[in-house]
Amino acid sequence: MKNVMDAVDAGATSLTESPMAIEKAQREETVWLDEPRAGSRRWLHLGAVQLGRLGIVIAILAIWQFISGRWVDEFWISKPSAIWDVLWGWISSGEILVHLQATMTAMALGLIFGAIGGITVGFVLGRVEWLAQLLDPIVTAIYSLPKVALAPLFILWFGVDLTSKVVLTAVVCFFLVFYNTYAGVRDVDKDLVDVVRVMGGKRSDLLLKVVLPSAAAWIYTGLRLAVPYALIGAVVGEIVASNKGLGFLLARAAGTFNTAGTFAALFILMLIGTLLNFMVDWSERITGRRTS
Amino acid sequence: MPNTSTAVTPHVATHTSRPKIEFQRLGKRFHRKSEPVTVMEGLDLTIYEGEFVCVVGPSGCGKSTLLNMSAGLMHPSAGKVLYDGAPVAEPNTKVGYITQKDNLMPWRTVTANIALPLQIRGMDKKAIGKRVGEMIELVGLTGFEKAYPGELSGGMRKRVTLARTLAYKPEVIFADEPFGALDAQLRGVMQQELLRIWAASKNTVVFITHDISEAVALGDRVVVLSARPSRVKVEVPIDLPRPRDLSKLRFDPRFGELNEYLWSVLSEDLNEGDEV
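Just so you know, the protein sequences line up as chains A and B, in that order.
Here the first sequence is numbered in our numbering, starting from 1 and rising by one per residue.
Here the second sequence is numbered in our numbering, starting from 1 and rising by one per residue.
Hints are not guaranteed to be accurate.
Pairs of lysine-lysine residues, derived as DSS-like cross-links and limited to a Cα-Cα distance of at most 30 Å, are as follows [what the hints assert, rightly or not]:
#1 A:Lys202 / B:Lys233
#2 B:Lys248 / A:Lys190
#3 A:Lys202 / A:Lys190
#4 B:Lys125 / A:Lys209
#5 A:Lys202 / B:Lys130
#6 B:Lys130 / B:Lys146
#7 B:Lys125 / B:Lys202
#8 B:Lys80 / A:Lys190
What the hints contain is simulated information worked out from the structure, not anything from laboratory work.
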């Protein structure tokens, strides 16, 4: 081994040290970054941004608190202190837990069932072309329907309890995951399939070692898109008809002209939505290395 | 007519080793918008065991099609492709295939990519680990075992492809312009590496390229295909001694002669090829 490497070195290297050195240099070149800011200055910069953001939020809340009742009727815009009172009331009585749990359960179950269905159907239609052609217009027609418009029907069928919300959420998530899975399975590189066939790969090898991992990035994209939509599905279902959940809180407050309660419910939804986005970003960063 | 003053004579098969792949009166037609296009007609060629054969020809003359038929990924429209004297199985799992594209699994590390064909063949885990280790050393990838293809340079990815192909010990390696996407300097490095590895592995190699100097530098024999419908126009034995030092080869007068001769043969068909 050593001898051959030496021979190669002697040959290809009037200009350079060794074949590996050339490639190593090229590789390193690609990871060069802009010179980072000095540590303390960078932190100062980040700190200033955070402070600025906090300042904006405080300013908005202060202005809101000030103009409410003075320039604008409190009935329309409520005020931060009143919203906080409602929030604190929900939290201290423990009532919020019941609603949080209801919404999160509907969301999680809907997401799981929708994802399983979407991946399965996407996979089958992606592999069986004639079936995909046969079903294409039907699937497109259902897809074109605004899914939340199905909420009244599902409540009619499954009642005001959890089931109707789970079904609605599942349907919303299904299409996002289905279309991405389908696209991912269809997108599989024909050359990769051929290479594995020449290696002696059987049908099962092609599915497990090429199609599934290759489609995984697409499936993941579908799941990522589905997460915020799961929240939409669950909350819309609750707004239409329910006896608990964040959507129910929102609809009840607005229905009784309780502006503070409406804002309080919206605030919680905003918090959950933001949290979900953070989780998605975080999982993306973990898996990012492989999919890039 | 080719320049005959260069003392290069078309090849007459006088091989002592046995035929590995035989193309007999091979023909291939494709249908483009219901219009048949004859890519290849009456092509006769024999590849002998252990030989390094380079195939050049104008673009669109069906060089890749030739390999696809040998690998059992396409069927001939006429004639026969024999492998070890028998019609090619579908697909031909005794061969390895390297193309211009790396065709690595981006979700697998270097190690896992090289292990793939061995896993498919049901080799046990310990043996796979050992074999992959040997391959990584052979192609000079030590230190990059856990990297993903996306993190590697073009040349490194090529090394992984080579290692993956050699890992399952194919009898024949089909290379379809494998270094076409690399820059000139890196291509030189990889050509030298290929010769080094080939000297150790002793595979039969069918190497397709559009670069005549690459064909002369690497091959035992260069086969020139004609424009469509293609057939073998001329076969030239490359009598340059081995091992070859590619950085010095270009100063060898014989290398220049062979290049010049092959250019003159190929250029007769180039204009036709461009019309495709």
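Here is what the structure says about each hint:
Note on lysine 202 of chain A and lysine 233 of chain B: the hinted pairing is violated, with a Cα-Cα distance of about 39 Å set against a maximum of 30 Å. Straight-line distance between C-alpha atoms of lysine 248 of chain B and lysine 190 of chain A comes to about 40 Å, which puts the hinted pair past the 30 Å bound. About 15 Å separates the Cα atoms of lysine 202 of chain A and lysine 190 of chain A, which keeps this hinted pair within 30 Å; it holds. For a cut-off of 30 Å, the pair hint linking lysine 125 of chain B to lysine 209 of chain A stands: about 17 Å separates their Cα positions.
A hinted pair counts as satisfied when its Cα atoms are at most 30 Å apart, and lysine 202 of chain A with lysine 130 of chain B qualifies at roughly 24 Å. This hinted pair checks out: lysine 130 of chain B and lysine 146 of chain B have alpha carbons roughly 16 Å apart, not beyond 30 Å. For the given pair, lysine 125 of chain B sits about 26 Å from lysine 202 of chain B by alpha-carbon distance, which is consistent with the 30 Å threshold. For the suggested pair lysine 80 of chain B and lysine 190 of chain A, the alpha carbons sit about 25 Å apart, so the restraint of at most 30 Å is met.
Taken one by one, the earlier hints fail for this structure at numbers 1, 2, listed in ascending order.
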